[in-house]
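Using the sequences and the accompanying hints, generate a full structural model.
Chains as they are written, first to last, in full-length UniProt numbering: chain X, 1 to 344; chain R, 1 to 344; chain G, 1 to 344; chain C, 1 to 344.
None of these hints come from the bench; they were simulated from the model.
Predicted, not measured: the structure shown is a model, and the values here were computed from it.
Treat the hints with care, since some could be wrong.
[To be verified] Derived list of chain X stretches under chain R, where covered just means 3 residues or more per stretch with a C-beta under 8 Å from a C-beta of chain R:
hint : region
1    : 180-193
2    : 199-206
3    : 230-243
4    : 251-257
[To be verified] Taking lysine-lysine pairs in the DSS-like style, the calculated list, with each CA pair at most 27 Å apart, reads:
hint : chain 1 : residue 1 : chain 2 : residue 2
5    : C       : 235       : G       : 224
6    : R       : 224       : G       : 224
7    : C       : 82        : R       : 224
8    : R       : 224       : C       : 224
9    : R       : 131       : C       : 235
10   : C       : 78        : G       : 224
11   : C       : 131       : X       : 224
12   : G       : 131       : X       : 131
13   : G       : 131       : C       : 224
14   : X       : 131       : R       : 224
15   : X       : 131       : X       : 224
16   : C       : 224       : X       : 235
17   : C       : 235       : X       : 131
18   : R       : 235       : G       : 235
[Said to hold, decoys possible] A few chain C residues that don't get close to chain R, going by computed Cβ distances all over 12 Å:
hint : residue
19   : 1
20   : 14
21   : 46
22   : 179
23   : 180
24   : 223
25   : 235
26   : 246
27   : 295
28   : 330
Here a beta-carbon is modelled for each residue, glycine too, at the ideal position from N, C-alpha and C.
Protein chains: 4
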Amino acid sequence: MIGIAVVGYGYWGPNLVRNLADIPDARLIHVCDIRKERLTPIQARYPTVAVTDDLEEVLRDPRVDAIAIATPVSTHFKIAMKALMAGKHVFVEKPMAATTEEARRLVDEAARRGLKLAVDHTFVHTGAVRKMREIVEDGLGDMYYYDSVRVNLGLFQHDVSVIWDLAVHDLSIMDYVLREKPVAVSATGMSHVLGEPENIAYLNLFFESRLIAHIHVNWLAPVKVRRTLIGGSSKMIVYDDLEPSEKIKVYDKGITLNGGPHTNGDVYQMLVGYRTGDMYAPQLDMTEALNRELRQFISCVENNEQPVADGHAGLRVVRILEAATQSLAQRGRVVELGQARMIA
Amino acid sequence: MIGIAVVGYGYWGPNLVRNLADIPDARLIHVCDIRKERLTPIQARYPTVAVTDDLEEVLRDPRVDAIAIATPVSTHFKIAMKALMAGKHVFVEKPMAATTEEARRLVDEAARRGLKLAVDHTFVHTGAVRKMREIVEDGLGDMYYYDSVRVNLGLFQHDVSVIWDLAVHDLSIMDYVLREKPVAVSATGMSHVLGEPENIAYLNLFFESRLIAHIHVNWLAPVKVRRTLIGGSSKMIVYDDLEPSEKIKVYDKGITLNGGPHTNGDVYQMLVGYRTGDMYAPQLDMTEALNRELRQFISCVENNEQPVADGHAGLRVVRILEAATQSLAQRGRVVELGQARMIA
Amino acid sequence: MIGIAVVGYGYWGPNLVRNLADIPDARLIHVCDIRKERLTPIQARYPTVAVTDDLEEVLRDPRVDAIAIATPVSTHFKIAMKALMAGKHVFVEKPMAATTEEARRLVDEAARRGLKLAVDHTFVHTGAVRKMREIVEDGLGDMYYYDSVRVNLGLFQHDVSVIWDLAVHDLSIMDYVLREKPVAVSATGMSHVLGEPENIAYLNLFFESRLIAHIHVNWLAPVKVRRTLIGGSSKMIVYDDLEPSEKIKVYDKGITLNGGPHTNGDVYQMLVGYRTGDMYAPQLDMTEALNRELRQFISCVENNEQPVADGHAGLRVVRILEAATQSLAQRGRVVELGQARMIA
Amino acid sequence: MIGIAVVGYGYWGPNLVRNLADIPDARLIHVCDIRKERLTPIQARYPTVAVTDDLEEVLRDPRVDAIAIATPVSTHFKIAMKALMAGKHVFVEKPMAATTEEARRLVDEAARRGLKLAVDHTFVHTGAVRKMREIVEDGLGDMYYYDSVRVNLGLFQHDVSVIWDLAVHDLSIMDYVLREKPVAVSATGMSHVLGEPENIAYLNLFFESRLIAHIHVNWLAPVKVRRTLIGGSSKMIVYDDLEPSEKIKVYDKGITLNGGPHTNGDVYQMLVGYRTGDMYAPQLDMTEALNRELRQFISCVENNEQPVADGHAGLRVVRILEAATQSLAQRGRVVELGQARMIA
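Have a look at this one:
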């Protein structure tokens with residue numbers, strides 16, 4: 001039995017509380033928010049859970065093994081670091097931190113203390129994304145591209161751009177699904193409201209291979225689109241998260257390169273043929289992702305195992321977000337993602 | 001009655017011939033192709049039309065007022081220039097030429113001789129694109145973005161990249177629909193077949209205003225997508241060319257900025273509100289675009305009027321294609337589009 | 001303030017409880033279910049609400065003004081009649097009763113005692129159906145047809161056929177949206193599981209005018225469809241309940257009858273022309289239907305007003321369900337719906 | 001080499017001519033239409049083909065082995081019978097004849113003379129329908145239902161109802177795809193234009209097994225739908241003819257009956273479980289159906305083989321159309337389809 005506390009009871013906190021209250025191996029001990037009035041409904045619904053606006057009280061409680069953090073991004077580092085230093089395992093909302101430096105310090109601190117550090121990359125626990133990784137691992141041939149569109153008329157964030165709000169999902173999915181990690185990033189975008197962060201952005205991700213990735217995010221689109229295309233030389237995937245059941249479609253489509261280069265005038269060219277075959281939509285596990293994710297986190301703490309989306313994953317994603325933000329300010333200058341350690 | 005000759009009888013030439021044969025004010029005199037065997041079926045179908053593999057013969061014929069060119073891009077300049085120098089009006093496939101320099105010389109030559117130079121930007125003659133321009137001219141409020149996706153499992157071109165093959169459509173539509181012209185471009189992309197041109201590409205177009213444009217083209221997508229989003233502060237448009245009848249949808253959606261900037265902590269921010277209203281799909285003219293376009297060209301020659309897609313439009317599009325190609329070779333370096341004259 | 005009790009805490013009861021607990025003018029006093037163990041979670045969540053397995057206790061309580069019934073259909077009559085005889089207003093799940101005779105007796109009893117009798121035709125409180133009624137009242141020209149498809153891989157009911165489970169929704173919507181009431185019904189269908197009720201059925205509804213209605217319901221379809229077409233001489237509506245936002249589309253499409261009858265050989269015929277115009281999708285109120293409905297019921301009790309879906313509506317729907325069931329047993333024999341009083 | 005003549009050059013005749021002119025084993029000799037002015041373009045396009053308004057001349061020509069008939073339905077019998085009596089093989093548009101009696105006499109005459117009689121059930125030669133038959137033959141488990149919707153804003157026919165115009169397609173597909181033949185039919189519908197035939201209709205088809213079939217056809221729908229659902233106990237098919245490539249989807253979905261009947265109170269019931277698995281969309285042959293069909297007819301004549309859609313198929317379909325028309329006039333009275341011979 002793992003004792004856990006939730007810190008931050010705004011938009012996402014209630015989902016953590018609801019799921020944690022249901023997990024047999026977890027015991028939800030505290031819910032903490034500086035806006036104490038928000039905590040009133042918890043007492044009625046979960047009489048055994050203590051509520052408080054005092055984080056120190058939570059961190060001092062020896063029954064608490066782990067902290068789940070659902071506060072604004074700018075506070076992640078401070079709270080997570082305190083928790084680690086108090087010897088608590090940490091589960092933190094995405095993005096894991098506001099800067100690469102913060103993220104790296106959290107990773108290091110958790111490693112030094114032998115504590116679990118997990119980041120809430122919820123999508124990697126959905127049936128759709130897990131199936132997609134499975135298919136990619138079985139092989140699509142040579143990887144060609146990863147293209148994602150995530151747009152809708154969405155809530156403007158005042159503190160972070162659309163990249164930190166929406167592209168973070170795609171980056172966490174890519175980090176989980178693709179074997180290869182990007183080596184550089186560029187981004188363009190625009191803010192259409194004076195004084196507000198960018199509400200539309202386009203990211204390019206470069207890899208050492210010929211793989212190319214692109215992400216389009218937009219808070220001001222008239223229609224909602226959640227579609228990812230993954231192209232390989234032997235298979236291609238369409239992942240449409242708005243489809244009620246057939247979210248993943250696998251196409252036996254592509255090109256075939258026949259007979260090697262040939263001469264057309266004085267230029268050597270490949271003979272390119274086309275292949276179209278069946279499409280199939282595999283059945284997906286429909287378990288609620290957050291529930292699965294929290295159970296896994298609890299189990300990792302209990303059994304000293306590594307979470308799927310660990311601090312390293314969180315760091316890699318934050319590194320890209322930071323680099324994309326730099327690039328955006330310079331009309332798409334390519335920013336190298338750098339050291340092997342960070343992208344291990 | 002305008003005498004006309006078609007030069008080039010490959011993929012597109014037959015469409016020109018079929019339509020020109022039906023236009024009352026046009027008289028189709030010659031069809032010319034260096035692959036003479038291709039011309040045989042014309043004689044059976046159109047006994048009054050002469051066929052030849054000799055371009056000079058066509059250009060010498062005083063009954064010929066205008067030449068319609070449907071040959072490979074690399075030959076456009078040479079044939080069009082010869083035609084202009086022979087005093088013929090010119091209608092040429094898109095892209096108008098292989099380089100900006102060629103395009104500019106054609107524009108100058110036509111101007112010097114008082115001849116019509118039209119480029120076959122077919123889409124700008126569709127009911128959908130014409131309606132879209134009408135809506136944009138009526139006003140979408142401040143223009144925010146123009147985003148187009150044009151992907152499918154398409155025929156690899158060996159001589160030009162996917163930008164010259166597919167993005168040319170989007171650039172010609174943008175040139176027609178938007179009042180503002182781009183001032184710079186960047187592009188990323190990749191070739192996945194050794195020795196072949198890029199088969200996937202992403203273009204960014206920068207404007208003097210806060211308008212941002214983006215085009216995604218791909219020959220290797222498992223599904224066909226032809227979708228353009230245009231966002232403005234008061235209205236937004238979705239143009240889906242694969243919809244059988246409701247190709248254009250206009251959304252009364254957007255954000256409203258209330259009460260001016262307010263203070264949140266120490267940052268000034270706008271109060272952003274959301275507006276959703278009705279959507280409507282206007283009825284569209286379903287006339288075949290090419291037919292309409294050729295009638296208009298004939299009429300412009302007869303009445304000394306300017307075609308909708310004239311040499312200047314052709315030049316502006318070629319300039320962007322060329323700049324995007326340069327940018328692509330440098331991982332998305334921004335290329336300025338330069339002189340006012342070119343983008344007039 | 002209206003005191004209310006919920007009877008039946010199975011599939012739907014929790015939704016009634018959740019909504020009633022939120023309505024300022026209602027005071028939820030009891031929740032009653034014969035399966036007492038089901039009631040445990042209520043005490044934790046709603047400490048002020050009494051739980052019981054004894055209906056008589058509820059009916060004796062003078063604080064209770066109204067009873068909301070969410071028990072199996074076969075028990076609706078007995079419980080609702082008891083409630084009326086105890087002087088309580090009644091809100092009952094659809095279908096209102098298991099037979100026309102039962103439904104009629106409830107209507108009569110409520111009328112005799114001056115009590116409100118409302119039936120939970122939830123759909124008539126959705127923004128989509130309310131908008132549809134508004135458009136129909138504004139006029140579609142002559143009414144041609146009402147066609148609905150409601151199919152999916154759905155839960156088999158053991159006690160009622162797919163008609164009582166699914167077609168009841170369409171019948172309640174039709175009753176609300178159309179001005180005219182059907183005069184006869186026929187139905188075909190089949191049970192594919194031995195000993196179980198019909199899992200697929202087709203209903204025809206006949207009217208005095210040339211309006212024709214048809215409903216297709218199916219528990220064993222591989223895909224989910226929820227689509228209604230309403231055709232009139234001047235406008236047509238498509239209502240697709242699976243569309244996330246544009247559930248209602250109004251088409252300015254139809255035929256025009258020109259110049260009166262003409263002679264073709266020896267047969268008089270109309271000259272039929274086609275009209276296609278714009279389509280629009282009106283913005284819809286997205287309030288939760290059940291919440292709106294319960295507020296309205298409470299308000300009707302308080303202010304002695306008639307609910308939108310009153311006992312007469314419930315009776316009309318049950319009458320059609322009963323007749324359709326008779327018809328189904330006779331391969332679609334037409335069953336007249338009969339007396340004016342019932343279909344008033 | 002088979003000599004062939006086309007009789008009737010209205011809407012469909014040009015398609016027959018275009019395809020027959022391309023088939024190596026066929027020699028198109030005559031095209032015949034009583035509206036002689038319609039035949040002028042043929043002479044320019046196909047100089048070796050004779051045109052005439054005199055059917056007798058065609059039938060007397062010994063070079064003519066077979067006649068393809070594309071005239072109005074009311075004339076099929078007379079022309080086909082003359083052709084058979086002149087010793088010509090016959091290919092006739094659907095529906096094969098205007099009455100069952102006519103259809104039966106054609107079948108008998110062809111059999112007596114050892115001539116081929118084929119009916120143009122074009123859909124059964126499409127890749128989609130052929131694949132569907134293949135999947136049904138491989139087995140869907142017990143057959144549950146066949147449900148088709150074929151609606152759009154379509155051309156009013158003045159001589160036949162929507163059943164003869166649209167449902168004929170579904171009946172010909174069902175005849176080809178299902179192993180079982182219907183034993184009875186009922187139909188409801190309505191004419192919304194005075195003096196015109198029914199423009200909306202619903203057909204029920206009854207079988208000896210628990211299979212049930214239903215067809216909805218409508219000339220006055222605001223949207224185009226072409227969708228067929230086939231349900232079986234182990235698999236289900238969705239055939240959507242408007243999908244550009246994935247027209248056929250096969251679902252591994254259904255119910256499972258576990259453990260035999262159980263007692264619930266005093267009623268025996270099955271334990272019904274649900275099964276959902278993968279979906280797949282098989283690749284389809286995209287050959288033009290009419291071309292394939294005509295090649296097959298020519299080959300059947302040459303090699304004395306039976307066409308897929310022979311006179312018996314044509315007769316079965318006409319028998320159902322006739323019975324449905326009778327039923328329609330009586331608000332859906334069930335009409336038995338009768339003798340084994342007709343439905344063999």
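Are there hints from earlier that the structure breaks, and if so, what are their numbers?
7, 9, 10, 11, 12, 16, 21, 24, 26
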